[in-house]
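Novice: Residue-level listing of the chains:
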Amino acid sequence: MEQKFEGTPQAEIKLEGHKLIRSDVTNDWGLRVQWLIKRDGQVVDNPNARADLTYEHPDQTPGTYEVILQMWKYVNYRKKDGEYVESTYIDISNAVTYTI
Amino acid sequence: MLHIGNERVPLCGGNTRRSFLQAGAATLTGLTLPGLFQLQAAGAVDESKAKIKNCITLFLVGSPGQLDTWDMKPDAPDDIRGKFKPIQTNVEGVQICEHFPLMARMMDKVALVRSLHHKTGASHENGQRWMMSGHDFNENNPQPYMGSVISRVFGPKGNLPASIILPDKIGNTGTATPHGQQAAYLGSAHEPFFLGGDPASGDFKVANLTPPAGQTELRIDARRNLLKQIDEIQRRSETKATRDLDTAYERAFNLLTSPETKKSFDLGDEPDQVRDRYGRNTFGQSCLMARRLIERGSRFVTVNHFDTVFNLSCWDMHADGGGLDNTYDDYERLLCPQFDWAFTALVEDLEQRGMLEDTVIAVLTEFGRTPKLNNRGGRDHYPSAWTNFFCGGNIQGGRVVGSTDKIGAAPHDRPVTPPEVVASIYHAMGIDLETTMMPGPGSRPIRFIEAQPIRELF
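These protein sequence lines are chains V and D, in that order. Residue numbers for the first sequence, in our numbering: 357 to 456. Residue numbers for the second sequence, in our numbering: 21 to 478.
Any given hint might turn out to be false.
If we take Cβ atoms under 8 angstroms as the criterion, some of the chain V residues that face chain D in the derived model are [stated by the list, open to error]: (1) 358; (2) 361; (3) 363; (4) 378; (5) 381; (6) 382; (7) 383; (8) 386; (9) 403; (10) 404; (11) 406; (12) 430; (13) 433.
Listing some non-contacts, in silico: residues in chain V with all C-beta distances to chain D over 12 angstroms [unchecked claim]: (14) 374; (15) 389; (16) 398; (17) 401; (18) 412; (19) 414; (20) 418; (21) 419; (22) 451.
DSSO-like cross-link-like pairs, simulated, lysine-lysine; straight-line CA separation at most 30 angstroms [to be verified]: (23) 103/D to 360/V; (24) 73/D to 429/V; (25) 103/D to 394/V; (26) 435/V to 103/D; (27) 429/V to 426/D; (28) 436/V to 139/D; (29) 105/D to 435/V; (30) 436/V to 105/D; (31) 71/D to 435/V; (32) 189/D to 360/V; (33) 105/D to 392/D; (34) 282/D to 360/V; (35) 189/D to 73/D; (36) 103/D to 93/D; (37) 375/V to 436/V; (38) 426/D to 73/D; (39) 429/V to 105/D; (40) 189/D to 282/D.
Hints listed in this document are in silico derivations from the structure and should not be mistaken for laboratory results. Just so you know, these numbers come straight off a predicted model, no measurement behind them. Yeah, the Cβ is synthetic: ideal placement off N, Cα and C, and Gly gets one too.
So here's chain D without its partners, still in its complex pose (with noise of 0.2 angstroms):
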């Protein structure tokens, strides 16, 4: 249920006003919608500072092995370069794994980081709070996520939320902490919007903005005017505060009802073209529906490539024989081929339609994949060594910055950090880190990350 409010207002029946909302409105799983428009009313969010870049960050959860994909490594031995052969680029010298046939054509649009790395431990979640939030941190100390900073600094553009994740949240990838894609300390109307969905099922529907069965829309209607009517006996004590509220509480409306909302969140009014050159697969529809997320006025919208890494094909590439027994043959049949097919349609796409020099797309991961196959012929994690890359923006393509050694085991030149990498996501959607603020925590300003973006990729 959505809880719209918190404060209780007396009725004469001795109903409340919060329980009239409560009573019908739709699960929007961790977003207090009347708190985040509440904010903006209340002029906390500067829509003049609203003009930047958006992003897309596709978050490939398990995380693919740096010598197989990105950072290949033709003259190792056998038992380090692996199975897969690099191919050229269409960048001169640049090459990366054979079964990304496609990227390699629009390499020169694309900026590889090839020297990431950290030292606060090799679990998933370790680098999955980096990548979201660029602090490795625990449940004590929570730092916000990407997307909920922007929403918090810049607000929504409209009626969508400013932060949207899609799929889902990422659920079990080993430990029981966090995944880094929360607000903490900026608040519950900062939280993503997750969409708890899977656009490419059959029957999917957006469960957020559904009313439960048994609610329509007119009985969310005859609620808004029923409120209304209450709100006209309340004037009297009005106050700014329950002006901002009214206003909260109107924006909340509007995304449960609004037509054009859930508008975007329909795939079907894609041409059947376009949804195949995604990929009829759930990354691939997610892919699709960050476009008309963004395209419609949400700001950052992330896509978690999988929610786990237990008991089905994903990049954490164990070959343990278990329930972690993603192989080569993985990669080479889903893996790789998915996520070539996905991404270069979203940077085509958004190409096409005039969107790609305000969008940053950033393709990030946990970590990479130690060096030496492991004796079953996988490859286990290491945060010592990754890539990961970018474009779109002020991004430019055609870069590789940094390298590893001989083996891809360390970094060579250039290191790179995730929060360098996180600053580059703000810097290249052209926030000024030097000059905007967010609120931390007591709402005391801080800056948005205490690193400076990767100059080379600019």
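So that you can see chain V by itself, here it is in the shape it has in the complex (with noise of 0.2 angstroms):
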């Protein structure tokens, strides 16, 4: 029996200062729930949410960051060359900014 997963995660950021703030997910599936966060449009890391509600990121290196909350969609477990075909990470709240 493959896992079945009801309804779409949902959760909101929001930012006090650079701390990152979420709320609870919504219809949470209980995967791995990460902060996608971009500097200048590239991805500088993805560190686990799901223990905390709040973090702030260390690096300081200057530029405009952008992150979201983005929860692991299991389809399948199928993979090509050790990448998933159909499960992928989605994203489950609004985006965040700053700049440094």
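Make one complex out of these two single chains by using the hints.
Specialist: Next comes the structure, spelled out in structure tokens:
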């Protein structure tokens, strides 16, 4: 029996200074949830967001940072060359930006 | 179809009492309720012994690698220690995998046993039999599942079956041998009740409690009324055996038609926040249902995390590029987070409801995985060393029993065997294994298990 996942996860994030604050996830699939952090459009980190509702990225490199919350969406476990074919991370929140 | 009872009772029109019940009752897979209830009515179940704790086992079919989860070896060579890093828990000196961050915060409630091992083969089914029954065995000499033992000796507390398995029975895991989740010589009345459905599915219904198409509860009630009339005629020749049978029928009807019973399986009753907290997935919702069933009178609930190891993301991390292609990515993205979220929800929920002291949680696997990564970056079956853990009931949290050598290949101290785990579960439920016996083959009294509990857990 494949695991079934009910509903569509959703959360809100906001900024207090450079500190990220997220809400609880509704329709939480219980899979990996991560902060996707981009600097000037390039992904620089994706730390686990499960354990805490807040996070402050330690990187002080100058640039414009955009952050969004993502959750793993499992469709099936098929992989090609080590990469999932259909399963993927999906955005589950609004995006926030800040500049250093 | 549910066949209630075995005796043919002739009626005027040539029908039998049995056929009336066969005609409309719902399927109860592997469970003959009248037999169970008849046994109770006959006094075989001593209610005075029924004051034991409950148990929920989370059975991680496929089996996670000890080095990637709860017995990490960060100082071992690259091809042994694997990809993940350990994190500190709230118990000084105890570390677990970084992908169990919530569990790390409640290790003071959890007791790890890091020196499990067995020597009878590396198939999933060997491990399933060991961990579900405390025995390895073959088809010719089956041994009963723990839940069946509890059902046989202590009986149900109410309308719910004493022993329930969610969400479904284990299917193909490699060899066509028993999985250890059967009543064996204890009889069909003590087979576990298999939910046979997915509680995370939007259209979930308990198939085993839902009358088939065309059969309504009213028709079942009509049958019960007719049965009562037939019973009146039969009173003239009534014996104790038939009275017991009547009680059994009544309780079977109650299970089939009782709104309270159905409500036990209805997760729609739970607040959205609670359902979210367990995880909106098959395993998480099964854990939530386990709590509901224990809360409402079931004694022993097992959640099978997966019913097969083939062609799906599961703990069986061979990374073979084919039907067994689970990798570190599956552990990181799905398996570890899903387990961490649901397990910690269950512990928190039971504690908040004041149920944790009366409920043992046992997280069991079939074996460990090879210390050395295979040439595809996976790990294969390895019954020589692994970690399982326990909390609730009489278990003393914050403890680590046993250890493995520097590469997690063999117990270094305090080796523990599966029968000791099963004995520990019974002991944690409050069963005195020195004085409480169970009926063995031929109904001769035997010990629950020929092993001692792991004393360091208590």
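Novice: Holds or violated: the hint that residue 363/V contacts chain D, with Cβ atoms closer than 8 angstroms.
Specialist: Check passed: Cβ of residue 363/V comes within 6 angstroms of chain D, closer than 8 angstroms.
Novice: Would the pair residue 189/D and residue 73/D pass a check requiring their Cα atoms to be no farther apart than 30 angstroms?
Specialist: Holds, at roughly 24 angstroms.
Novice: Report holds or violated for the interface hint on residue 386/V, using the least CB-CB distance to chain D and a cut-off of 8 angstroms.
Specialist: 2 angstroms, holds
Novice: Take a quick look at whether residue 189/D and residue 360/V sit within 30 angstroms of each other, Cα to Cα.
Specialist: Since the Cα atoms of residue 189/D and residue 360/V sit roughly 17 angstroms apart, the hinted pair holds (cutoff 30 angstroms).
Novice: Keeping to a limit of 30 angstroms between CA atoms, is the pair of residue 426/D and residue 73/D held or broken?
Specialist: 37 angstroms, violated
Novice: With a cut-off of 8 angstroms, does the beta carbon of residue 404/V approach a beta carbon of chain D closely enough for the hint to hold?
Specialist: 7 angstroms, holds
Novice: Taking 30 angstroms as the top limit, are the C-alpha atoms of residue 71/D and residue 435/V close enough?
Specialist: 50 angstroms, violated
Novice: Does residue 383/V hold up as a contact with chain D if the rule is Cβ-Cβ below 8 angstroms?
Specialist: Since the shortest Cβ distance to chain D is 6 angstroms, the answer is holds.
Novice: Is the nearest CB of chain D more than 12 angstroms from the CB of residue 418/V?
Specialist: 29 angstroms, holds
Novice: Classify the label on residue 398/V as holds or violated, using whether its beta-carbon is more than 12 angstroms from each beta-carbon of chain D.
Specialist: 22 angstroms, holds
Novice: Given the hinted pair residue 375/V and residue 436/V, is their alpha-carbon gap at most 30 angstroms?
Specialist: Not OK: residue 375/V and residue 436/V at ~37 angstroms, beyond 30 angstroms, violated.
Novice: Can you confirm whether the C-alpha distance between residue 189/D and residue 282/D stays at or below 30 angstroms?
Specialist: This hinted pair holds, its Cα atoms lying about 20 angstroms apart.
When the structure is compared with the earlier hints, violations turn up for hints 4, 9, 15, 24, 27, 28, 31, 37 and 38 and for no others.
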